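Colleague: Sequence lines, in order, name chains A and B. Under this note's numbering, the first residue of the first sequence carries the number 1, and numbering increases by one thereafter. Under this note's numbering, the first residue of the second sequence carries the number 802, and numbering increases by one thereafter.
Check the hints yourself; a few may be wrong.
[To be verified] Restricting the straight-line Cα-Cα distance to at most 27 Å, the calculated cross-link-like pairs of lysine-lysine (DSS-like) are:
| no. | chain 1 | residue 1 | chain 2 | residue 2 |
| --- | --- | --- | --- | --- |
| 1 | B | 989 | A | 57 |
| 2 | A | 14 | B | 868 |
| 3 | B | 1206 | B | 1107 |
| 4 | B | 1107 | B | 1032 |
| 5 | A | 54 | B | 1032 |
| 6 | A | 568 | A | 287 |
| 7 | B | 1060 | B | 1206 |
| 8 | B | 955 | B | 989 |
| 9 | B | 989 | A | 73 |
| 10 | B | 989 | A | 38 |
| 11 | A | 84 | A | 54 |
| 12 | B | 845 | A | 54 |
| 13 | A | 84 | B | 989 |
| 14 | A | 14 | B | 1032 |
| 15 | A | 57 | B | 1032 |
| 16 | A | 127 | A | 9 |
| 17 | B | 1206 | A | 38 |
| 18 | A | 84 | A | 73 |
| 19 | A | 488 | A | 460 |
| 20 | B | 1060 | A | 54 |
| 21 | B | 1107 | A | 57 |
| 22 | B | 1206 | A | 84 |
| 23 | B | 1060 | A | 24 |
| 24 | B | 982 | A | 38 |
| 25 | A | 626 | A | 287 |
| 26 | A | 127 | B | 983 |
| 27 | B | 989 | A | 54 |
Worth flagging that the hints you see were computed from the coordinates, not collected in a lab. On a predicted model such as this, the values are computed, not experimentally measured, just so you know.
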Amino acid sequence: MPTLIIDGKEIDVKPGTSIMEAAKLLGIYIPHFCYHPKLPIAGNCRMCLVEVEKMPKPVISCAMPVSEGMVVKTDSPMVRTARKGVMEFLLINHPLDCPVCDQGGECTLQDLAMKYGPDRSRFHDHKREVPNHDLGPLIETEMNRCIHCTRCIRFSEDVSGVEQMGAVYRGDHMMVGPFVEGHLESELTGNLAEICPVGALNFKPFHFQARGWELKHADGVCTHCSVGCHTRLDHLDGRILRVMARGWDAGNESWLCDKGRFAIDGLREGRLEAPLVRPVNGVVQNKVSWPEALDQAAAILKSVKPEEVAGVASDAIQGGEELFAFQDLLRNVVGTAHVDHRLRQRDFSGDEQPLTRADLLMNTPLLDLAGADVILLVGFDPRFETPLLNFRLRRASQAGARVISIHTRQLNSNLLGLTSIVVAPGGEAQLLNQVLAGVDGAAVEGDAGMVAALLKGAKKPVVLLGEQAIVHPEAEGLRRLVVALLDKVGAIGPNWNGFNRVASRGNAAAAQDLGVVPHRGPGYTRLERAGMNAAAILEAAAEGRIKVLFLLGVDPTEEALDRELARKALEKARVIYLGAYGCEASRAAEVVLAGLAPGEKPMTLTNCEGRVQRGVRAGNGPLEAKEDWRILRGLSDRFASPLGYNDLESLRKRMATNDHRYDFARLGPGETPRACDHSPVTKGLPVVVRAFEPASGIHLVVESALYRDDPVAWRSPVMGKLARDGRLRIHPDDATGLAIGQDGLVRVLQGEKRVELRADLDSRVPRGVVFGDFGQGDHALRELCDYVNGYSRVSLVALPG
Amino acid sequence: MKIVYQNIHLPNSHTLAVYRANGGYQAVLKAIELGPDEVIEEVKRSGIRGRGGAGFPAGMKWSFIPKNDPRPKYLTCNADEGEPGTCKDRDIIRYDPHRLIEGMMICGFAVGIQQAYIYIRGEFYRETERLQAAIDEAYADGILGDNALGKGFKFHLAIHRGGGAYVCGEETGLIESIEGKKGQPRLKPPFPANIGLYGCPTVINNVETLASIPSIIERGGAWYGALGVAKSSGTKIFSVSGHVNKPGNYEVELGIPLKTLLEEHAGGVRGGWNNLKGVIPGGSSSPILPAEVCATITMDYDAMAKAGTMLGSGAVIVIDKSVCLVRAIARLSRFYRHESCGQCTPCREGTGWLAQIMTRMEAGQGTMEDIDLLQDICNNIGGKTICALGDAAAGPVMGALRSFKEEFIYHVEHGRCMAG
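Okay, chain A solo, but in the shape it has when bound (with noise of 0.2 Å):
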């Protein structure tokens, strides 16, 4: 342990720290721009000079490790000088727009030039110029401001793993810029604009919007995957104006995703703004009071047997607090048993088992995930289902970790030295059966004893189990095979644990903790009576079993797998919807009860390593709409036992006696609540893997597409620019022999049903299945999917045009 001194302050630090860290440790601020605690050294501005005794010239302090016996001078005359000198060389050719610049007022250069810059300019000669790049729909550029610290270029190098920026010419020619000009293909742009230093990177959409000291701050948190990245939420008269990041190191460390980013234009679409009722047999949808709208909402719900009503929530956007009364008013008020938030879920053979929380989250934290040296993905795609969770992934790949997939088409990935192995629709399981006899020492060949060799040696093997293996015709019994494998190669115990299902929606892991499932209550109690799942209460609300639907934040005709049975389930059944958005399914209801959108209230999120999050509000909703607890607390009010809390604290009171990690009373101060704390996973499961019979025809998948995965992004106009809506994935030599071309129109037929999408063609997809998006409107290939029989076969026609 190295002891310096720095500005007569001594200081024990690990060896190899830089004196730049040191400082900080002891409060010293050392100016700088191009160093980032995230990112690799480049000790290219100069701006971090200090003073070394014995040294003869001045030490950047970013990249010099610390030695025994330094003594450190941070603002001596020899350093001031050398920052005075640094920084009139940064500002001669920095033109001079300060007020018309974004960054102005959260500049690093203006703030330090205060500082060390002087108030006249020597300079007067001819300023740089350079012109400016096309960097797609999220990054504005102004290059004439860069300061050449190539934080934006170590980022997509290091970070993002897409090396699109670099710096071209020398000297004072030199110009940071994309090789290539037009989008960036990374999901995580929206990081440059946030690093850069100074004005030449700034986020497109916030362009001119706000002045940075005009803006509040609040700390969010991300609801719009299930990594729940901590954000800052800036915003200005009660409008969430841009999303930055907040530095967590075990999450997010300093990087958002462009969707949690940039998605936030979609508060603002199509919102729900006050509470509305059909009469019955009309036709509009009124306006109406609150208690009106209420006391209707209830006369529906009693109007029927409490059996023949049965309610459906959203995991994507909605907060523990509504999702917890929901149920409670559903299981305890209204007295229905039929409760359930997994609609895209296909098989449900795992709720007859009492399935622990541990079985259904992580439980390698994200930290810990870097720290893995075989990393297998079942049915994953992490960069474009979870992305800060992928960061930490190729964290790991970079220090060296094995990565495999086993997926029904190779990954468009970051991750380094990723083995790709491409399985048939509903392969995986039959795969990691071979994996499993592999473990267990049967001779194994090819794929699966390549995999069996690299768990059986691995010492942090981890598996994760994707949005495919979740909705997999067989998911049940995927998980159980891998868990069987995990606790074959010993990595399933208290030191490390490596079974990890990663449910991508932001909040499904606080509707599993809070029973917002047919089978259990609250904080994984058994039920004596279990209702019906999602997919069963579609298919009774279609024929008429179920009478009144109860949808929170819902729309089943674009979140069901199967949306011909959602339509004709809206279509018979009674509805009400609460929610912040109108959608089909609102439009469908006869009451709808306007609610808030993420940003606009308190709310708790569970992220996928089941930590729970407590978000804020910064936001304000459409005027009449209410929060969506209050708006159930109310109704409840209609009936014999109301729920019995009155303000968010009890409601919270209550979670937390259910469940006691939502009990933030128990934490000490600064304390946030842990990942993984959960029970142990559940093992030697029965595992049956029913045959899978390779089918002829071409194969439909249908996949979450990350730019438009939740009811906020899909209505997002930003996010409309990044996504490709519409498009329908065929490897090229399918393409060929139907004489598809790229871009061409494709006719998607099954039986009756027809669908038409323009092709893309991707080498990445298996010959004889095509890929498309879960998609809305006309595009929604979901319109073809057999829900019943595993995944959809179709034929395809080529369409002019």
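Since chain A is already given, all that's left is putting chain B on it; use the hints.
Modeller: Just chain B, lined up with the frame of chain A:
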């Protein structure tokens, strides 16, 4: 006294046959007999300092390479010879390439290196051909290869051509360039001796340094150390250019008076000694010496440092009284602006600024404030940059301001040059 250039006057001196006939490849055999440690000791004893410009003792450099390190080690010969005025290495490669190869083999043997590279200046096209021919000859003869000289040590040699960037003559910029990256110097520490080429311990020596090694081994470090003067032992090739009657490369013992070098070897200053304005003694980055200093100074590392300049690469640029010094320095400033890699702030911005002011000054549009500003800019670049290119750009301007400030003032006051 000729050591490096001892053979270059011979017909076909570049061939293996001629090199062999004159005692070639005997030193490396002797080195193998001595053993690695003794070879390094001999080189240390010789006191030879790096001939590329920085003047770092070569034996010391070799001894910094960690022993018992599992990583491979590399030797890189810096043949980028980009310092304006320097052309000494070119003649070694042209006329005695085997001397360089032998020197590299001795270094490789002493340090435990199996793969070496010669990073040669891109413009040296013919020289590359000749060097390659020499390497091919050496391979064909079994001098190089898995069993070099049949002595059971492995030594491979490959040429890497540069793309014409001055900054790639900086040792870590050179490493980046060999690795296929943009030629930008690296931060130090870590030094190449620990983390160099491909992240492995690397020795980087100049062509002249390596070509001196065979004689040092052959005749002993003590013999070499006795040549020259204290702390500047041995011989040095000076590339004398500019206003002398016989410009050329002259190998002489270090410590020779500059006046002797110019008057006795280089045929004298054009128009006589009294027509001398000044001498840039060690390549374009070394501050200029005025004529009165030139009359007495000796050509060795310490005397040069004492006079506020440096021996550098040994490129002696002689300037007589017909020259407008402001114009000459402006030209150099434009060179450094062009060659700055652009990586770090003081050099990127400072070299451009210097060049713009110097160009204005030359055209008679400078101000008295500009003269002070030039000094300030040089001070703000010097010692604040990643590599020495920043100091190199500041050197000529500072030197001119120190010794010829009156010419700058004349330019400001009269809008034209003193020299007419």
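Colleague: Taken at face value, is the distance from the CA of residue 38 of chain A to the CA of residue 982 of chain B at most 27 Å?
Modeller: Measuring from Cα to Cα gives roughly 23 Å; hence the hint holds.
Colleague: Does the structure keep residue 989 of chain B and residue 73 of chain A at a Cα separation of 27 Å or less?
Modeller: Holds. Residue 989 of chain B to residue 73 of chain A sits at ~20 Å (cutoff 27 Å).
Colleague: For a C-alpha distance cap of 27 Å, please report whether residue 14 of chain A and residue 868 of chain B respect it.
Modeller: With a Cα-Cα distance of about 26 Å, the restraint between residue 14 of chain A and residue 868 of chain B holds, given a limit of 27 Å.
Colleague: Measure nothing beyond the straight line between the CA atoms of residue 127 of chain A and residue 983 of chain B; if it is 27 Å or shorter, mark the hint as holding.
Modeller: holds (25 Å)
Colleague: Taken at face value, is the distance from the CA of residue 287 of chain A to the CA of residue 626 of chain A at most 27 Å?
Modeller: holds (15 Å)
Colleague: Is the straight-line distance between the alpha-carbon of residue 54 of chain A and that of residue 1032 of chain B 27 Å or less?
Modeller: holds (23 Å)
Colleague: Holds or violated: residue 14 of chain A with residue 1032 of chain B, Cα cutoff 27 Å?
Modeller: Violated - the C-alpha atoms of residue 1032 of chain B and residue 14 of chain A are around 40 Å apart, more than 27 Å.
Colleague: Need the status of pair residue 845 of chain B, residue 54 of chain A: alpha-carbon distance at most 27 Å?
Modeller: holds (26 Å)
Colleague: Given the hint that residue 84 of chain A pairs with residue 73 of chain A, does the C-alpha gap stay at or below 27 Å?
Modeller: Holds: residue 84 of chain A and residue 73 of chain A sit about 16 Å apart, inside 27 Å.
Colleague: Within a Cα-Cα threshold of 27 Å, do residue 84 of chain A and residue 54 of chain A meet the stated pairing?
Modeller: With Cα atoms ~22 Å apart, residue 84 of chain A and residue 54 of chain A stay inside 27 Å; holds.
Colleague: Does the alpha-carbon distance linking residue 989 of chain B and residue 54 of chain A stay inside the 27 Å limit?
Modeller: holds (17 Å)
Colleague: Between the alpha carbons of residue 1060 of chain B and residue 24 of chain A, is the straight-line distance 27 Å or under?
Modeller: Not OK: residue 1060 of chain B and residue 24 of chain A at ~56 Å, beyond 27 Å, violated.
Hints 8, 14, 16, 17, 20 and 23 from the list above are not met by this structure, while the remaining hints are.
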